[in-house]
Amino acid sequence: MAVFMQSFLSGILIGGVYALIGIGLTLIFGVMRIINFGHGDILMVGMYLTYVLFTWLHIDPFVSVLITFPLMFLFGGFLQKVFINRVLHAVAQNQILLTIGLGLVMSNTAMLIFTSDYKILTTSYSSSTLQVGGGVTVSTPLLISFAITAAVTAALYWFLLKTDTGQAIRATAQDREAAQLMGINVKRMSILAFGLGSALAGTAGALISPTYYIFPQVGGGFTLKAFVITVLGGMGSVVGATLGGILIGITESLSAVYISSGWKDVVVFVLFLLVLLFRPSGLMGKSRT
Amino acid sequence: MLRVEKLNFAYGDLKVLWDVDLEVNEGEIVTVVGANGAGKSTTLKNISGLVKPASGSLSFQGRDLTRMQPHQVVEAGLVQVPEGRRIFPEMTVMENLRMGSYVKATRADRQKNIDWVFELFPRLRERERQLGGTMSGGEQQMLAIARGLMANPKVLLLDEPSLGLSPLLVKNIFDIIIGINRQGVTILLVEQNVYQSLRVSHRAYVMETGRVVLTGKGDELLNNDHVKKAFLGM
Numbered sequence: 000m001a002v003f004m005q006s007f008l009s010g011i012l013i014g015g016v017y018a019l020i021g022i023g024l025t026l027i028f029g030v031m032r033i034i035n036f037g038h039g040d041i042l043m044v045g046m047y048l049t050y051v052l053f054t055w056l057h058i059d060p061f062v063s064v065l066i067t068f069p070l071m072f073l074f075g076g077f078l079q080k081v082f083i084n085r086v087l088h089a090v091a092q093n094q095i096l097l098t099i100g101l102g103l104v105m106s107n108t109a110m111l112i113f114t115s116d117y118k119i120l121t122t123s124y125s126s127s128t129l130q131v132g133g134g135v136t137v138s139t140p141l142l143i144s145f146a147i148t149a150a151v152t153a154a155l156y157w158f159l160l161k162t163d164t165g166q167a168i169r170a171t172a173q174d175r176e177a178a179q180l181m182g183i184n185v186k187r188m189s190i191l192a193f194g195l196g197s198a199l200a201g202t203a204g205a206l207i208s209p210t211y212y213i214f215p216q217v218g219g220g221f222t223l224k225a226f227v228i229t230v231l232g233g234m235g236s237v238v239g240a241t242l243g244g245i246l247i248g249i250t251e252s253l254s255a256v257y258i259s260s261g262w263k264d265v266v267v268f269v270l271f272l273l274v275l276l277f278r279p280s281g282l283m284g285k286s287r288t
Numbered sequence: 000m001l002r003v004e005k006l007n008f009a010y011g012d013l014k015v016l017w018d019v020d021l022e023v024n025e026g027e028i029v030t031v032v033g034a035n036g037a038g039k040s041t042t043l044k045n046i047s048g049l050v051k052p053a054s055g056s057l058s059f060q061g062r063d064l065t066r067m068q069p070h071q072v073v074e075a076g077l078v079q080v081p082e083g084r085r086i087f088p089e090m091t092v093m094e095n096l097r098m099g100s101y102v103k104a105t106r107a108d109r110q111k112n113i114d115w116v117f118e119l120f121p122r123l124r125e126r127e128r129q130l131g132g133t134m135s136g137g138e139q140q141m142l143a144i145a146r147g148l149m150a151n152p153k154v155l156l157l158d159e160p161s162l163g164l165s166p167l168l169v170k171n172i173f174d175i176i177i178g179i180n181r182q183g184v185t186i187l188l189v190e191q192n193v194y195q196s197l198r199v200s201h202r203a204y205v206m207e208t209g210r211v212v213l214t215g216k217g218d219e220l221l222n223n224d225h226v227k228k229a230f231l232g233m
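Protein chains in written order, with numbering that gives the first Met the number 0: chain A, 0 to 288; chain B, 0 to 233.
Next up, chain A with everything else stripped away, as it sits in the complex:
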């Protein structure tokens, strides 16, 4: 039982970070109907940013979120304004090519600057654990990162539900043309959405940097994971991505313990296929007409 609780708990903790990545992708998709295949690479930029802040300025990775979030927001807004806005009405293939291309530029730039060596960010608490009781322990960095994730997610929900700008982002996602007729500047909403999505991915990058290897190609796996989470939760649904992220985290963690860590991705994809089989529009998705 302790083993189960142990892996269940760490599944939730890592799932929180997955949720953050998935929410970013789903927010971008909801507003623009574009799947950002460079999402994982944006996370990678967030990781390197955290690494640089830590090694050069000695800023703790968790504290550096305060810098990473706004910087990645500006970076995402820049990408939207300069690149993505130009293909909003283009065919889907071109949009996909553009986001993949942007991702490649990011990972190769990282390779030029940092080489493809694995970097490790070691903090005083990187391998420390905390007793929760009942023989269950959790890794301290995971616990802190989950707390920050929860705070960021709560703030995001508040923003989307309660503020005029947040509601305008949702309105744009639900009916872009009607939103324009409300006086909403949808181009500005797109910049905001891509900025927020990037800030969330960058924040996730900062949060996992004490526990993951940092290297230029780290993004690819996360893009795939974010895509699975988004589809699983229902494309464009923020609540769905939150649930999807946690669900993937728990599934990975349990299957690593009870089957084999080599098989955890297989289990995740089987679960993914099963959900799609029985709920093709995802957990919280609405079928589109």
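The hints are simulated quantities; they were obtained by calculation from the structure and are not laboratory data.
Hints are not guaranteed to be accurate.
Which residues of chain B face chain A? A few of them, derived with a C-beta cut under 8 Å, are [to be verified]:
{"id": "1", "residue": "Lys51"}
{"id": "2", "residue": "Gln79"}
{"id": "3", "residue": "Glu82"}
{"id": "4", "residue": "Phe87"}
{"id": "5", "residue": "Pro88"}
{"id": "6", "residue": "Met90"}
{"id": "7", "residue": "Thr91"}
{"id": "8", "residue": "Gly99"}
Computed list of lysine to aspartate or glutamate pairs in EDC-like fashion (alpha-carbon distance at most 20 Å, straight line) [said to hold, decoys possible]:
{"id": "9", "chain 1": "B", "residue 1": "Lys5", "chain 2": "B", "residue 2": "Asp20"}
{"id": "10", "chain 1": "B", "residue 1": "Lys111", "chain 2": "B", "residue 2": "Glu125"}
{"id": "11", "chain 1": "B", "residue 1": "Lys51", "chain 2": "A", "residue 2": "Glu176"}
{"id": "12", "chain 1": "A", "residue 1": "Lys161", "chain 2": "B", "residue 2": "Glu127"}
{"id": "13", "chain 1": "B", "residue 1": "Lys227", "chain 2": "B", "residue 2": "Glu207"}
{"id": "14", "chain 1": "A", "residue 1": "Lys161", "chain 2": "B", "residue 2": "Asp108"}
{"id": "15", "chain 1": "A", "residue 1": "Lys161", "chain 2": "B", "residue 2": "Glu89"}
{"id": "16", "chain 1": "A", "residue 1": "Lys285", "chain 2": "B", "residue 2": "Glu125"}
{"id": "17", "chain 1": "B", "residue 1": "Lys103", "chain 2": "A", "residue 2": "Asp163"}
Which stretches of chain A does chain B cover? Using the computed rule of at least three CB atoms under 8 Å from a CB of chain B, they are [what the hints assert, rightly or not]:
{"id": "18", "segment": "158-167"}
{"id": "19", "segment": "173-185"}
Every residue gets a Cβ at the ideal spot worked out from N, C-alpha and C, and that includes glycine.
On the provided structure of chain A, position chain B as indicated by the hints.
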């Protein structure tokens, strides 16, 4: 107040508007009637800035509309209630109304306007917390009009507000349109319900295949032989 001159528009190679002239004066209810595909909605979309004309001029209170983005047109006081209602389905009635007063200059009047539209549509007050997408067609139409009114429109552009509603509700909607007009809102109405809309309007334009073919006072057109034959089956 609102002036459309020699408006031409094409979807790609398909030309749909030919030299459309149209004028709306302050305080009027002006109707554009015509069959499906006559170019009525396209004319409205040009005015709202959702599409840009191939040629011709669009001006509102002396300002050139062709240079404005859709959101700037709303800020100028031209507010369109789109065809098919287009309410935000996963937002509550209240949230939909709040989006209606998204434009900064109108936010100060938000509470006042909410009280006003709840008075016009008591049904909406009962449904305040319901999701827009779960309401009936008639309720959604009320919400769409109410949402448009939240933006303090100088001119309200209504695209087929009676579409898909029961006869009783249609009469109700037209009564409300008259009521809104009496409270000082100028109205440009696009309708296929020729009889009802000509009855309530001060002036009207008849469009056929992308051209304005007739214009005159509402009651004059009701007695016009061409209108009778083409639209009223008389």
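Going through the hints against the structure:
no.: 1; hint: Lys51; result: 13 Å, violated
no.: 2; hint: Gln79; result: 5 Å, holds
no.: 3; hint: Glu82; result: 11 Å, violated
no.: 4; hint: Phe87; result: 5 Å, holds
no.: 5; hint: Pro88; result: 6 Å, holds
no.: 6; hint: Met90; result: 7 Å, holds
no.: 7; hint: Thr91; result: 10 Å, violated
no.: 8; hint: Gly99; result: 6 Å, holds
no.: 9; hint: B:Lys5 <-> B:Asp20; result: 6 Å, holds
no.: 10; hint: B:Lys111 <-> B:Glu125; result: 18 Å, holds
no.: 11; hint: B:Lys51 <-> A:Glu176; result: 14 Å, holds
no.: 12; hint: A:Lys161 <-> B:Glu127; result: 16 Å, holds
no.: 13; hint: B:Lys227 <-> B:Glu207; result: 14 Å, holds
no.: 14; hint: A:Lys161 <-> B:Asp108; result: 18 Å, holds
no.: 15; hint: A:Lys161 <-> B:Glu89; result: 14 Å, holds
no.: 16; hint: A:Lys285 <-> B:Glu125; result: 26 Å, violated
no.: 17; hint: B:Lys103 <-> A:Asp163; result: 10 Å, holds
no.: 18; hint: 158-167; result: holds (count 3)
no.: 19; hint: 173-185; result: holds (count 12)
Violated hints, listed in ascending order, are 1, 3, 7, 16; each of the other numbered hints is respected by the structure.
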